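Read top to bottom, the protein sequences are chains A and B.
Per the numbering used here, the first sequence runs over residues 273 to 641.
Per the numbering used here, the second sequence runs over residues 273 to 641.
To be clear, the hints were calculated from the coordinates, so they are not data collected in a lab.
Since the structure is predicted, the reported quantities are computational estimates derived from the model, not experimental observations.
The beta-carbon is built from N, C-alpha and C at its ideal position, and this holds for glycine as well.
Just to be clear, a hint being listed does not mean it is correct.
Said to hold, decoys possible - Derived coverage of chain B by chain A (criterion: at least 3 residues anywhere in the stretch with Cβ under 8 Å from a Cβ of chain A; other residues may be distant):
#1 276 to 283
#2 346 to 359
#3 362 to 375
#4 432 to 439
#5 450 to 458
#6 555 to 564
#7 571 to 584
Stated by the list, open to error - SDA-like, lysine to any residue: derived pairs with alpha carbons at most 25 Å apart:
#8 A:K469 - B:R507
#9 A:K570 - B:R421
#10 B:K609 - B:R294
#11 B:K585 - B:R421
There are 2 protein chains.
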Amino acid sequence: MEGNAIIQADALRAFVAAVFERAGLAPGPASDAADVLVWANLRGVDTHGVRNLKPLYINLIDQGRIDARARCTVEYETPLTARVDGGGGLGLANACWGMRLAMEKARQSGIGLVAMRHSHHFGAAGYYPWMALQQDLIGIGLTGRFAARGAEIGVVPTFAAVPMFSTNPISIAFPTAEEPPFLLDMATSITPYNRVKMYQELGRILPLGWGMDDQGQPATDPAVVRRLYPLGGSREMGGHKGYGLAMVVEVLCAGLSGEWCDGHDEDDRCFEGYAQTHDAHFFGAIRVDLFRPLEEFKRSMDAMIRALHAAPKEPGQERIYVAGEIEHETEQERRRKGIPLPANVVADLQELSRRFDVPLALGEAKAGP
Amino acid sequence: MEGNAIIQADALRAFVAAVFERAGLAPGPASDAADVLVWANLRGVDTHGVRNLKPLYINLIDQGRIDARARCTVEYETPLTARVDGGGGLGLANACWGMRLAMEKARQSGIGLVAMRHSHHFGAAGYYPWMALQQDLIGIGLTGRFAARGAEIGVVPTFAAVPMFSTNPISIAFPTAEEPPFLLDMATSITPYNRVKMYQELGRILPLGWGMDDQGQPATDPAVVRRLYPLGGSREMGGHKGYGLAMVVEVLCAGLSGEWCDGHDEDDRCFEGYAQTHDAHFFGAIRVDLFRPLEEFKRSMDAMIRALHAAPKEPGQERIYVAGEIEHETEQERRRKGIPLPANVVADLQELSRRFDVPLALGEAKAGP
Numbered sequence: 273m274e275g276n277a278i279i280q281a282d283a284l285r286a287f288v289a290a291v292f293e294r295a296g297l298a299p300g301p302a303s304d305a306a307d308v309l310v311w312a313n314l315r316g317v318d319t320h321g322v323r324n325l326k327p328l329y330i331n332l333i334d335q336g337r338i339d340a341r342a343r344c345t346v347e348y349e350t351p352l353t354a355r356v357d358g359g360g361g362l363g364l365a366n367a368c369w370g371m372r373l374a375m376e377k378a379r380q381s382g383i384g385l386v387a388m389r390h391s392h393h394f395g396a397a398g399y400y401p402w403m404a405l406q407q408d409l410i411g412i413g414l415t416g417r418f419a420a421r422g423a424e425i426g427v428v429p430t431f432a433a434v435p436m437f438s439t440n441p442i443s444i445a446f447p448t449a450e451e452p453p454f455l456l457d458m459a460t461s462i463t464p465y466n467r468v469k470m471y472q473e474l475g476r477i478l479p480l481g482w483g484m485d486d487q488g489q490p491a492t493d494p495a496v497v498r499r500l501y502p503l504g505g506s507r508e509m510g511g512h513k514g515y516g517l518a519m520v521v522e523v524l525c526a527g528l529s530g531e532w533c534d535g536h537d538e539d540d541r542c543f544e545g546y547a548q549t550h551d552a553h554f555f556g557a558i559r560v561d562l563f564r565p566l567e568e569f570k571r572s573m574d575a576m577i578r579a580l581h582a583a584p585k586e587p588g589q590e591r592i593y594v595a596g597e598i599e600h601e602t603e604q605e606r607r608r609k610g611i612p613l614p615a616n617v618v619a620d621l622q623e624l625s626r627r628f629d630v631p632l633a634l635g636e637a638k639a640g641p
Numbered sequence: 273m274e275g276n277a278i279i280q281a282d283a284l285r286a287f288v289a290a291v292f293e294r295a296g297l298a299p300g301p302a303s304d305a306a307d308v309l310v311w312a313n314l315r316g317v318d319t320h321g322v323r324n325l326k327p328l329y330i331n332l333i334d335q336g337r338i339d340a341r342a343r344c345t346v347e348y349e350t351p352l353t354a355r356v357d358g359g360g361g362l363g364l365a366n367a368c369w370g371m372r373l374a375m376e377k378a379r380q381s382g383i384g385l386v387a388m389r390h391s392h393h394f395g396a397a398g399y400y401p402w403m404a405l406q407q408d409l410i411g412i413g414l415t416g417r418f419a420a421r422g423a424e425i426g427v428v429p430t431f432a433a434v435p436m437f438s439t440n441p442i443s444i445a446f447p448t449a450e451e452p453p454f455l456l457d458m459a460t461s462i463t464p465y466n467r468v469k470m471y472q473e474l475g476r477i478l479p480l481g482w483g484m485d486d487q488g489q490p491a492t493d494p495a496v497v498r499r500l501y502p503l504g505g506s507r508e509m510g511g512h513k514g515y516g517l518a519m520v521v522e523v524l525c526a527g528l529s530g531e532w533c534d535g536h537d538e539d540d541r542c543f544e545g546y547a548q549t550h551d552a553h554f555f556g557a558i559r560v561d562l563f564r565p566l567e568e569f570k571r572s573m574d575a576m577i578r579a580l581h582a583a584p585k586e587p588g589q590e591r592i593y594v595a596g597e598i599e600h601e602t603e604q605e606r607r608r609k610g611i612p613l614p615a616n617v618v619a620d621l622q623e624l625s626r627r628f629d630v631p632l633a634l635g636e637a638k639a640g641p
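Bound-form chain A, shown alone (with noise of 0.2 Å):
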């Protein structure tokens, strides 16, 4: 399509820093902002990528909902554990300084948790476990939010007329020897609402069965689908397990980090008193060697994976996946290749190159995206 570019992977890293420092934030938060939404563009994962940059996470800076300048702080901590503060800060970033803390526990203490209210969107929420597979750990990268009185757009629990929850991601990654590692990234909904965008975007229907109007009738059309069905969808499809997921998710971020508390009397968004107003996270790092010899589990880890793509195939099918398999291989082929950005994209970075002064080294792309 006119408008389509292509940009490789670190040319479009250094600008999103580069952004990101002129929007207001110090070079390191920065910098680990731009690695998580390159990551995502890089893995294929284009909903949670550079699109949000202008739209998301610079408009709400721009709004004084996300402070630039904020700095995490601990608020308690075990050797095991902490509950962070996020300061309202870029969800971005601060999701990468509580994964960090999360490994640093766990490689002096075996396991590390850590629950952070007061933070905004986290982008992609497989960043966080990648990167604890980086030093060989197993991850875990969460993040919740719960609307006590309802959202406009959100996940409808089993049986109510509102959205209630946010997609609430689930991501976990496992190491492995020889091949890609297990990464598994999904939200709790059937899809999550980045995509039902996306599609609208691209001028394109979504299947019957992802989600509802705001009256709560089955849609099709991204334009009008605000309401999301939990994973499983309907009660008789099992779609109470979504939703029983999508609590758990909100309980480890927001109700272990006291993003979901009691004194928000005065806010009409409340319910006895309790509100959460910001997005939670929760990550967690865990040696393997707590359990097993390390090596000796990347090599069963890599045997699982085998035995998977080796399996009889479905009719028409030719290759099994498992969790991370596709988005690694479309990394490889973008650091490769560059990054296709679709053209609304590109006219986003743009108008951000022109408004914060930053080059934008793009190339015009052979193909669509």
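Use these hints to put chain B onto chain A, whose structure you have.
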């Protein structure tokens, strides 16, 4: 229906414990195992209750496949973790042993994680996190099985043509103050296979979309359904997420415990020498006060649960449920009125009563269960 009966929980528990003792278990493990089965019936999880006593557990003991005299042994241990050999014993008793070890570690170190290999079917996954709730701990209970060369019955990975995972359930519990505790207990398939079998016993047809016949065709006759869809169903509806969760459970159970290991080259079910020959489990216990004062957390759980209860309902629905709530109410009712048993289960228990010379104090059910 004719032959239905009702029995008080205490009487049923004493009966089951006596049967397990006569079948060769020591008094402690026999009592533990009886608690797990009767708890499932009390909670209305009849698929995983005494229905399985004769055809599953006693049958496997009779065949010598479950070693009634087995003992659990710790193969490797840290203050936070343990890897346990279940000795090929009864999974119900092994799992109580493993969960107690996790809880002891959590009390002493804050967190306890236990992976167990060489075990058998452990009943309702929810019982083990429920044990943790009795000490106000966050509880986790998982069990996993992987068939490297495919199985006759089980969950089919996305795009595969054969079942490779068991229904690998996830159970997680959080303590509450006044509300019933949050207790999620879910197969990572749309339905557990035990429910398919129970539908067959009750002469019921399955909803379309739960399973396939052994040719991979969608089927609703429980007599022919051998293959189950992962939670989510098709790829488009998120079935790869259910499959991904099944693999997470598998790795935590069989990967960390070493149940999934090499050295099985002579076994025709092996892949590259790797196989899983027994069930593996994973138990977790976490102290809430590693993050936040317990009572504060418990009150916040109550508020979240009540906010869900108070939300607007889908047309035609009168209540919004939280995980574990229906089971909690069934438990209150069955503690008063007794546990209803269908005729086929009554017949099994009567046979065990005669065989082991253990009295069974049944009452006649007024209405069907």
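### Query
Counting residues of the stretch 276 to 283 of chain B with a beta carbon closer than 8 Å to any beta carbon of chain A, are there 3 or more?
As far as the stretch 276 to 283 of chain B goes, the hint is violated, because 0 residues have Cβ atoms under 8 Å from chain A.
### Query
Can the stretch 555 to 564 of chain B be counted as covered by chain A under the rule of three residues or more with Cβ-Cβ separation shorter than 8 Å?
Check passed, 5 qualifying residues.
### Per-stretch coverage check for the stretch 362 to 375 of chain B, three Cβ contacts closer than 8 Å to chain A
Per the Cβ count (0), the hint is violated.
### Message
Does R421 of chain B sit within 25 Å of K585 of chain B, going by the straight-line distance between their CA atoms?
### Response
violated (46 Å)
### Message
Just to be careful, I want the Cα atoms of K469 of chain A and R507 of chain B compared with a cutoff of 25 Å; is the pair within it?
### Response
holds (20 Å)
### Task
With a C-beta cutoff of 8 Å, work out whether three or more residues of the stretch 450 to 458 of chain B approach chain A closely enough for the coverage to hold.
Since three or more residues must qualify, the claim that chain A covers the stretch 450 to 458 of chain B holds, with 3 doing so at under 8 Å.
### Query
Does the stretch 432 to 439 of chain B contain three or more residues whose Cβ lies closer than 8 Å to a Cβ of chain A?
Held - the stretch 432 to 439 of chain B has 4 residues with a Cβ nearer than 8 Å to chain A, which meets the minimum of three.
### Task
Count residues of the stretch 571 to 584 of chain B with a Cβ under 8 Å from any Cβ of chain A, then say if the count reaches three.
Our answer is that it holds, as 11 residues pass the Cβ test (under 8 Å) against chain A, meeting three.
### Message
Hinted pair, alpha-carbon criterion (25 Å max): K570 of chain A, R421 of chain B. Please report holds or violated.
### Response
holds (20 Å)
### Task
Count residues of the stretch 346 to 359 of chain B with a Cβ under 8 Å from any Cβ of chain A, then say if the count reaches three.
holds (count 5)
### Task
Verify the proposed pairing of K609 of chain B with R294 of chain B, using a straight-line Cα cut of 25 Å.
violated (28 Å)
Violation of the numbered hints given earlier is confined to hints 1, 3, 10, 11; the remaining hints are satisfied by the structure.
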